[in-house]
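The listed protein sequences derive, respectively, from chains X and U.
Each residue of the first sequence is one higher than the last, beginning at 1 in my numbering.
Each residue of the second sequence is one higher than the last, beginning at 1 in my numbering.
Hints should not be assumed to be uniformly reliable.
As the list makes no split between identical chains, a pair holds if one copy fits it or if it spans any two.
Using 27 Å as the maximum straight-line C-alpha spacing, the simulated DSSO-like pairs for lysine-lysine come out as follows [as the list claims (entries may be wrong)]:
| hint | residue 1 | residue 2 |
| --- | --- | --- |
| 1 | K128 | K206 |
| 2 | K624 | K132 |
| 3 | K517 | K640 |
| 4 | K319 | K393 |
| 5 | K516 | K649 |
Simulated from the structure, these hints should not be mistaken for laboratory data.
Number of protein chains: 2
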Amino acid sequence: MSTICELTSIIEKDIAETHLTESKRDAVAKELNEKLTAGSIILAQTNPISGDVAGNATKAAKWIKWANMLNVEAIIFPELYLIGYPIGDFIDRFPIIVEENEEWLNALAKITKKVKVIIGYAKRNEEKYGKKFYNAIAVMQNGEITNIIKKSLLPTYAEFNDYRHFEPAQIDSGSRIIDINKKKAGIIICEDGWNDKDFFEKNLYKDDPVETVVKEQQPDYLINCSSSITRAKKEQLKHNMLSFAAQKYRTPIVYVNQVGSNDNISFEGASRVYDSQGKLIAMAKSYEEQFFIANPFNTEQNKIYPLVNGLEKTLTSQKAFTLDHEPDLERTYLTIIQSIRDYFRKTGFKRAVLGLSGGLDSTVCATLLTDALGAENVLGISMPSKITSEESKSDAQRLAHNLGINFCEISIKDMYETTRNKFDNIFSEVEKKWDCRYKESFTNDNIQARSRALILWGIANEFGSTLPIATSDKSELYMGYATINGDMSGGFAPIADVTKTKLFALAKWLNKNRTKKNAIPEEIIAKRPGAELAINPKTQKPLLAEEALMPYEFLDEIIWRVENLQQSITQMMEAKFLYETKENITPEQKMEWLEKFFKRMSTALYKWSIMPPSPIVDARSINKSEYTQPIISSKINYKKTTQEYKIKKIIQS
Amino acid sequence: MSTICELTSIIEKDIAETHLTESKRDAVAKELNEKLTAGSIILAQTNPISGDVAGNATKAAKWIKWANMLNVEAIIFPELYLIGYPIGDFIDRFPIIVEENEEWLNALAKITKKVKVIIGYAKRNEEKYGKKFYNAIAVMQNGEITNIIKKSLLPTYAEFNDYRHFEPAQIDSGSRIIDINKKKAGIIICEDGWNDKDFFEKNLYKDDPVETVVKEQQPDYLINCSSSITRAKKEQLKHNMLSFAAQKYRTPIVYVNQVGSNDNISFEGASRVYDSQGKLIAMAKSYEEQFFIANPFNTEQNKIYPLVNGLEKTLTSQKAFTLDHEPDLERTYLTIIQSIRDYFRKTGFKRAVLGLSGGLDSTVCATLLTDALGAENVLGISMPSKITSEESKSDAQRLAHNLGINFCEISIKDMYETTRNKFDNIFSEVEKKWDCRYKESFTNDNIQARSRALILWGIANEFGSTLPIATSDKSELYMGYATINGDMSGGFAPIADVTKTKLFALAKWLNKNRTKKNAIPEEIIAKRPGAELAINPKTQKPLLAEEALMPYEFLDEIIWRVENLQQSITQMMEAKFLYETKENITPEQKMEWLEKFFKRMSTALYKWSIMPPSPIVDARSINKSEYTQPIISSKINYKKTTQEYKIKKIIQS
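This is chain X alone, in the form it adopts within the complex (with noise of 0.2 Å):
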């Protein structure tokens, strides 16, 4: 006797590779329907490909035809499944796709039987004004399209651009409410249910379409379809919002979240059931996709799958910066897997190659490649420079062994060498010409870092599927202190959104965590970081990343401080770091380090528009999906200057 979500499971895999015979399905589905209570539905959690509308629909064929085989009601799909989420300009570009995903949806229309099918599309805008098109949902029974319901709020802000693509429907613009089992569903699509004024302190917009649809309509309970991205702090509001609504109206509520990476941007999965007291009743796996069987008004053969540790964490205790990181490097580890996982496998590339420096940010990242694509998959390159330690060197093979991953060494000196000479003569010329020569200059350690990928690039060149691996992380983006066409090159950067402190908890974490335990050499951990790329003339030996910076616990929490509080220079002086709690620092040198750190980010920008894809993992980030400023807004004055002194300015101009 096996339990519904081995069955289920059975079910996940014939779709995916297994391929059951007919028999051994009837007897799965026969089995399944034994141990179903009657007004079951399937949440129907699943990761499509943006554009892949072909792929997408054949997946739902299959699913669709799993569900016709049991007992249940209704097989909900995320919002816009069909055409994929995010979908990008090219929903304009090539209508084509549009067409596609119609026509799509009426060959699925005609496999419906008696099970709703619930299901997300881009519908054309047949108006005489407004975009070009819907977010919509179509529901299909017996063969047809019974019901489409379209979005309203159209959420325009970080990764979501919405209104770029979308028309808003107007909060009155039909029904919303279908009947599932005798009962009255009322179907909203993601930021529809987001507006509750009740539950929010200041609304993002005017209307709220699922009072409307309450008051108006009287469901019995909701539907809301979404494509909902993973991040800390929006589970426990998710949580809580759902909750309340469910509550306040006394009606169950169904979330059916998408799973899954696309580029730059990830989806959590985790689609549940709250009853009508708000109580959650069912809750799908995080991070997979899910053929998950719920009754939202029986309770008895609901499963509720954990969280994984980071998507529980609650708002309040991110009221603080902390470098106690733990809590969320569960989730940050699984979002970064999902989306080096999901590019690779969407974009059809197989191997990864990046260079092994016995630092923390390749470290880390070659852990995290050996884990979403396999050891054999991952190739680690030792490229050591005459500044390279003979630790580095062996910390980065010790690593290499550890994780099982292919390695060789090869020594950069010739090319530095050779490069290093031609600059020689090139300066000296040029010098004739341009009289700007720097006295110092970041030259030499450039030509290292860009030797190295010049390596990486040649075997992405030379071997199949392969992608470089750019290696930068978070905090020293912010700071600019990463290599154009060096470090900060490649075809994906899996930690471009990980600060340096959380680097090293995630470093411990996945020492403590993985399977393999420990295949984290503790040197790596315990060394300060440095890029090796300079000799410190005061220390003598290579400088040190905070010698060239600032310390890094100061600096991540300047990062969190603009990300999650929007806190000016001023405001950041009056306030007291964590950093000051526990190291005496002048005010001056706190002012040292903020306007060190404001002028240098603004020279960055250029490196954070040319970043390769990277999966965003903290609540806000400098990802080109979620962030954009102009370059040339380098001027801006991120300290505030007085009233009095603008007028006398200008007054005396």
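For this one, chain X is given, so just place chain U on it according to the hints.
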């Protein structure tokens, strides 16, 4: 006796650099006032820097002070002038900038006298719901802010992302009327003026703020404060629309536009006035800041500066693909020049260094840079490899000589050989681990391109305020025919939105229209493009680009059809290409090229995402400020498969 234009150009110089004495200022003002008719207004055609509130406000103060000395009724600045446009997401992350822009607004109000000041800024939203800010216009007089008008229609397409940051004002959210010289002026903000139901066949918005203000508040004339992007197609549309509205409502229209470039986005100025019969009665210069005085009710003193070629191009002339690029070349040239100049000035760079291959792309880039930055600030480097022909070397040298730019020649042979030798060792190592080495690869080609970029970035690291230039063109970027960390790498990419056939035309145009004629050697224009990175085994000569891709004439027409007609492969198969009217090609050949295009484009999406800033020139582009497409959307089916096929496939699956 000077003309009004001569006097206002003295004012422009005084503000920018000369700094006249008080008595000289008075004399200029006096002479100007004698010429001005009653009811004159100033169209402040200004070039703000996004985020540089203090800089923009200080400039405004100077303009306002001059206005105060003149017998004019009002001075009108463009939309969002104080904070700069486009703003980007920094408006949300750094609310201090909005505070600053409001404080500077108050400071500016204090210096106003009887001349009304009409100026764009970002206003905080104090309502209980909605986005944090409004896109607003303040009207100030006699030391006070007298009116605030907010924008209702928020363009969120192409370069525009207004709805990301602004709350749309209700259409009836208060008066848009102000009194100027006893006449009622209705204030319109950019897109609010672009929704006439009688003019457009299909409207983007339901409401028309112009109709509302005219019907409900009976203005004597309309003032439109804009930040309207430059496009060949758009000018004719804009002219027709403004003229149509002036006639329809029997009211003059004053249109004040921003000028200058911010990152990828360019504004052309050409501010203007129409009379109540829809006749153009005044027009400012294109691509220049201007203190432009006009009178909407008295034409005698008004001046109409001619539009540059390309802005006057009619819509109808663009309904078919053409190789006659001539009509658009002056606009193309000025857009790129302004864009280079503003990017360098606004970010603080002065000098440019680029590789001169003797080919068309680098040649046109060098010429444009020379005109934008001055010959002394441009360094062209010839970097021959084994494959480089003697002709290419001498062409590059001749070009540099003709342009008068700095020049040197440096062989990359030793860099190539050192890297190549290293690769031989590495690849045989890697081959032991990974059984996926290509039989043929682009590895050698790319070593050359990347070694050259290494040199350019080295020079940028070693010399102050120097940017390396990426020379990729639009046709080749569509095909992904550009090397990552090679020719597509740089701090700025001048011709990334110029197709190859247009580049040929531009090169000829430059030879004819620059002060120094024929700077570009005829040989460079005459030869067929090739990257000189590899040898064609068939011809034993360097591989030509058209051999690797397809004829540029055909390629550029595909691009044109994708961007302007949004056609699918099937539609293109049915259409007759210009190339087909000259050459016999089989349907198989045509399909092969079309499929090649879409296949290569799918894998080029990543390259587009990491392109440096570059001016948007064409009606549509692949510039990431204007167009985004998820990289994982490479599985899009650009053909249209039949309904029958799909259903069959679904049923059989």
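Here is how each hint holds up against the structure:
1. K128 - K206: Result: close both inside a copy and across copies, 24 Å intra and 9 Å inter.
2. K624 - K132: Both: 25 Å inside a copy, 21 Å across copies.
3. K517 - K640: neither (50 Å within a copy, 51 Å between copies)
4. K319 - K393: The answer is neither: 41 Å in one copy and 62 Å across copies each exceed 27 Å.
5. K516 - K649: neither (65 Å within a copy, 44 Å between copies)
The structure shown violates the earlier hints numbered 3, 4 and 5.
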